[in-house]
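Build the full structure now, drawing on both the sequences and the hints.
These are the residues of each chain, in order.
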Amino acid sequence: MRARRLAIAAGIGAVSVAALTLLRGRRNGRPGTRRLRLERGLAAVRLAARGGARYATSAPRLFASAGEHREALRNDLALQTAEDVAATLGTMKGVLMKLGQMASYINEGLTPAARRTLSRLQDSARPMSPDLAAQVIAEELGLPPDRAFAAWDPEPIAAASIGQVHRAITHNGRAVAVKVQYPGIAEAIEADLGNVALLRRMLRVIAPSQDADALLAELRDRITQELDYRAEARSQQLFAHFYAGHPTIHVPGVVGQLSARRVLTSELAGGARFAELAGWPQAERDLAAETIYRFVFRSLYQAHTSSTATHIRATTCSMAAARSRFWTSGWSSATPRTSCGRWSTWSAACASTMIPRRSAGPTRTPACCYPARRCPPRPSSSRWPSSTTRSANQDRAP
Amino acid sequence: MTTGSYADAAGLVERSAAAYAAAVPVTPEDDGFFGPASVAWRVSTDLAAPVAGLRSLLIQALHPLAMAGVDQHSDWRTDPVGRLAATSAYEVTVTFGDRASATRAARRVRAVHEHVRGVDPVTGQPYAAGDPALLLWVHAGLVDSGLATSALFGTPLTAADADRYVAEMTIAAELLGVPHEMIPDSVAALDRYFDGVRADLRRTPAAAESMSYLLDPPGLDVDIAELWQDIRDAAVLALPGWAIQMYGYAEPPPLTAERRTEIRQALGVLDAVFLGEPGVLEARQRIIARMRSAGKRQAGAT
Chain A
94 MRARRLAIAA
104 GIGAVSVAAL
114 TLLRGRRNGR
124 PGTRRLRLER
134 GLAAVRLAAR
144 GGARYATSAP
154 RLFASAGEHR
164 EALRNDLALQ
174 TAEDVAATLG
184 TMKGVLMKLG
194 QMASYINEGL
204 TPAARRTLSR
214 LQDSARPMSP
224 DLAAQVIAEE
234 LGLPPDRAFA
244 AWDPEPIAAA
254 SIGQVHRAIT
264 HNGRAVAVKV
274 QYPGIAEAIE
284 ADLGNVALLR
294 RMLRVIAPSQ
304 DADALLAELR
314 DRITQELDYR
324 AEARSQQLFA
334 HFYAGHPTIH
344 VPGVVGQLSA
354 RRVLTSELAG
364 GARFAELAGW
374 PQAERDLAAE
384 TIYRFVFRSL
394 YQAHTSSTAT
404 HIRATTCSMA
414 AARSRFWTSG
424 WSSATPRTSC
434 GRWSTWSAAC
444 ASTMIPRRSA
454 GPTRTPACCY
464 PARRCPPRPS
474 SSRWPSSTTR
484 SANQDRAP
Chain B
2 MTTGSYADAA
12 GLVERSAAAY
22 AAAVPVTPED
32 DGFFGPASVA
42 WRVSTDLAAP
52 VAGLRSLLIQ
62 ALHPLAMAGV
72 DQHSDWRTDP
82 VGRLAATSAY
92 EVTVTFGDRA
102 SATRAARRVR
112 AVHEHVRGVD
122 PVTGQPYAAG
132 DPALLLWVHA
142 GLVDSGLATS
152 ALFGTPLTAA
162 DADRYVAEMT
172 IAAELLGVPH
182 EMIPDSVAAL
192 DRYFDGVRAD
202 LRRTPAAAES
212 MSYLLDPPGL
222 DVDIAELWQD
232 IRDAAVLALP
242 GWAIQMYGYA
252 EPPPLTAERR
262 TEIRQALGVL
272 DAVFLGEPGV
282 LEARQRIIAR
292 MRSAGKRQAG
302 AT
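For the protein sequence lines, the chains are A and B, in the order given. To get this note's numbering, take the position in the first sequence, counting from 1, and add 93. To get this note's numbering, take the position in the second sequence, counting from 1, and add 1.
Warning: the hint list may mix true and false statements.
[Said to hold, decoys possible] Cβ-to-Cβ under 8 Å is the rule here; a few derived chain B residues that face chain A:
| hint | residue |
| --- | --- |
| 1 | Thr79 |
| 2 | Gly83 |
| 3 | Asp162 |
| 4 | Leu216 |
| 5 | Asp217 |
| 6 | Leu221 |
| 7 | Asp224 |
| 8 | Thr262 |
| 9 | Arg265 |
| 10 | Ala273 |
| 11 | Val274 |
| 12 | Gly277 |
| 13 | Ile289 |
| 14 | Ser294 |
| 15 | Arg298 |
[As the list claims (entries may be wrong)] Quick partial rundown of chain B residues pointing at chain A, CB under 10 Å, derived from the structure:
| hint | residue |
| --- | --- |
| 16 | Thr156 |
| 17 | Thr159 |
| 18 | Arg204 |
| 19 | Asp222 |
| 20 | Glu263 |
| 21 | Gln266 |
| 22 | Ala290 |
Quick caveat, the hints were computed from the structure, so don't treat them as lab data. Heads up, the beta-carbon is just placed ideally off N, CA and C, and yes, glycines get one too.
Here's what the structure looks like:
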C-alpha cells in the first residue's frame, strides 16, 4: 500500500454529508434508498466543487438555480456592509445558525420542522464582499490585506455562518488560509444571546426532549468561544503539536502574528475531496478510512489520557473545534465548523459503515459513538481508557 | 350576518410560504409596476412585514362595509388560512411580479369583486366590493401599516422615502379600479384621508370577532403560537390611538428599546421558520439579487 499523506481537511465535510445520509438510509432499512441518498449527497458535493467559489452550504441550491448567472448572483448576494451582516445574521438568525450546526448533536430530540428550518438557515449563509473582508483585515491586523500579506486572494474559498476563508501568501512565502469574521456579528449575537426567555422558549420547541437550560448553556459557551478566534488559535496550535510528525495526519499550524480576534491565519494544506477519495483504489480508500478513524479516536482517547479534556463530551467538542481548523486550512468546500454532534454521528457512521470492511487494524466498533448522555457503558476489559464513567463536570478543559 | 366559529389556523406558515414561493417570479418579463429599486420592494422585504400585514387587517376591519363584504362573501370563516395566503400571494404578485402577472392577478380580483354585494346588517347600508371608496380604504390601511411598522420595528424610511412609498403604491389601488385622483400620493395626503374617513368607521361585531380570532388564532403550531404573541403585541402597538379606542384594547405601554429588540428577535425567528419552508429561501434570493443589481445600476448612473 502506497503511503499517502491524506489531507483529511478537504474531505471531511463531504464525508459527513455522505455519512449522515448513510446513517439515515440505514434507519430506513432499505438499501435502495440508502444508495440513492448517498448519491444525492455526493452530487451536491460535486456541484459545490464545480461552482468555483466553494460555499458548500449555500452553493448547491443557490447556484444550481442560477445556472449560468451564478457568479453574478453570488456577487449580488454578498454582504457588503456591517448593516448587511446585522440584517442577515442579527435578530436571532446567527444564533439559530449556530444551533443548526449543533443540530445533529441534539438530532434525536429535534422536531422534523425544526431540523428543516435549521438546515435551510445554513443554506442562507452569504459571503462577505471582498471589500468588506478587506476592511476586517485592516481593522484587525492594522494593514489592508494586500500589505499584511504578500499575496491575497479576494475570492473566499469557504464560507461559514460567522466568517469565511481566504487564501494568501505571507511575506516570508508561506501559503496560508485566513479565516475572517463578519464585522458586527459578535455584537449582534451577543445581543441575541441576552434574550434568554426567547431562546429558552425556542429551544423547548425545537428540541422538546432536551434539557433547554443545558442546551442554552452549551449554545452560549460555544458561540462565545467561537466569536474570539484567539481561543481557537490556541487550541488549533495544541492539536498541531499533538499530531506533529504523525505519518498520515497533519494539522496545520497557526501563524500567530497574523491572527487576532476576528482573523485566524493558519498554514494552508492541500488535499483531496471526498468525491475524489471515493474514486481511489480500495487500498487507498482503506487507508483514508483508517486515517480518519485514527484521527477521530486518537484525538478522543489520547487527548483524554493526556488530560486535554477529561469528559468525553468536552473532548468531542474540542475535537469539533480542532476539525474546524483542519477544514479551514485545507481546500475545503465545507463549513469550517460544525457541531461535535455531527462529528460523533459521523464517526459512528464511519466506524460502522467503512471500517468493518477493512481486513486489518482496529475492527472494534467504538463504544462512544454518541454524545455523552447516550454513551453505553464499555466493558472494563477495553484497552481504551475510561471516558464516560467519570464525573461529567470534573475539570472541563479550559 | 353569519355567525359561527372559524376553522383553526393550522398550516398558517406553511401555506403562506407556499403562496409566497410560488408568487415570486423566476423569470419575470419586466420589473413590474414598482421595480427592484423601489421603496415598495424595501417595505415588502422589511423584517416588520408580518406585523404590517396584521396591522393592515386590524385597520381594514374597522370599516363596516368592507368588513361586511368579507364576512358575508369570502371563505374567511371556513378557510381563514387559505384566505390569508391568497391575499398575501396577491400582494406579492402585484409587488414583485411583472406587469402582465400583476395585471392578470388584479383582473381576477376585480372579477371576484363583481359578485360581492349586499347589505351591511349593522349600518343597513348597501355595499359593493368594487366600490372605489371601499377599495381605497383597504389600500390606505395597507400603505399606512407599511409606514407605521417599518418605522417602529423595521428599517425606518426617511421622510422623502415615506412620501415616495405612498406615491409608488397608488398604482396598486389603480389596478383594482380606484381612479387615480382619489388616491393619496403623499404621507400628508394619506393622513388627511384617514381624518376624513374616520366618521365612517366603527367596530362591528363581525370585526371584533374576526380580529380576536386573528390576534389569537387557535390551532397554530406551538412554536408559531408563541411568536405570534409578540407579533400581535407589535401590531396593536403600531395601531393609531383611534383604532385602539374603537377596539377597546388597553392602551399599550410605550415601546422601550428592549421591547423593540425582543419583538425584532421574535420576527427574526419567525422569518427563519418561514425561510425553512420549501422554496422560500430561493424566492428571497431572487428578490435580493434583483434589488442588489438595481442598486448597483443606480450607483453606476450617478
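Consistency of the hints with the structure:
At a threshold of 8 Å, the smallest CB-CB gap from Thr79 of chain B to chain A is about 25 Å, leaving the interface hint violated. The beta carbon of Gly83 of chain B is not positioned within 8 Å of any beta carbon in chain A (closest approach about 20 Å), and the interface hint is therefore violated. The beta carbon of Asp162 of chain B comes no nearer than 16 Å to any beta carbon in chain A, farther than 8 Å, and the hint placing it at the interface is violated. With its C-beta approaching chain A no nearer than about 19 Å, Leu216 of chain B sits outside the 8 Å limit, and its interface hint is violated.
Proximity of Asp217 of chain B to chain A is violated relative to the hint, the smallest CB-CB distance being about 17 Å (cut-off 8 Å). Hint status for Leu221 of chain B: violated, given a least beta-carbon distance of 12 Å to chain A, over 8 Å. Nearest Cβ of chain A to the Cβ of Asp224 of chain B: about 4 Å, under the 8 Å cut. The hint holds. Interface hint at Thr262 of chain B: satisfied, since its Cβ lies 7 Å from the closest Cβ of chain A, which is below the 8 Å cut-off.
The interface hint given for Arg265 of chain B is met, as the beta carbon of that residue sits about 5 Å from the closest beta carbon of chain A, less than 8 Å. Given hint, Ala273 of chain B at the interface with chain A, holds; its Cβ is 5 Å from that chain's nearest Cβ, closer than 8 Å. Residue-level restraint check for Val274 of chain B holds (minimum Cβ-Cβ distance to chain A is 5 Å; threshold 8 Å). Look at Gly277 of chain B: its Cβ gets to within about 3 Å of chain A, closer than 8 Å, so that hint holds up.
Here the hint on Ile289 of chain B is kept, as its CB sits about 6 Å from the closest CB of chain A, short of 8 Å. For Ser294 of chain B, the suggested interface contact is upheld, since its CB lies about 5 Å from the closest CB of chain A, less than 8 Å. Violation of the interface hint for Arg298 of chain B is found here, the shortest Cβ-Cβ separation to chain A being roughly 11 Å, above the 8 Å cut-off. Interface hint status for Thr156 of chain B: upheld, as the beta-carbon distance to the closest one in chain A is roughly 8 Å, under 10 Å.
Here the hint on Thr159 of chain B is broken, as its CB sits about 15 Å from the closest CB of chain A, past 10 Å. Checking Arg204 of chain B against chain A: minimum C-beta separation of about 32 Å lies over 10 Å; hint violated. Below 10 Å, beta-carbon pairs count as interface contacts, and Asp222 of chain B has one with chain A at about 7 Å; its hint therefore holds. At a threshold of 10 Å, the smallest CB-CB gap from Glu263 of chain B to chain A is about 6 Å, leaving the interface hint in force.
Annotation: interface hint on Gln266 of chain B holds; nearest CB of chain A at approximately 5 Å, less than 10 Å. For Ala290 of chain B, the interface hint holds, the least distance from its beta-carbon to any beta-carbon of chain A being 4 Å, beneath 10 Å.
Violated hints, listed in ascending order, are 1, 2, 3, 4, 5, 6, 15, 17 and 18; each of the other numbered hints is respected by the structure.
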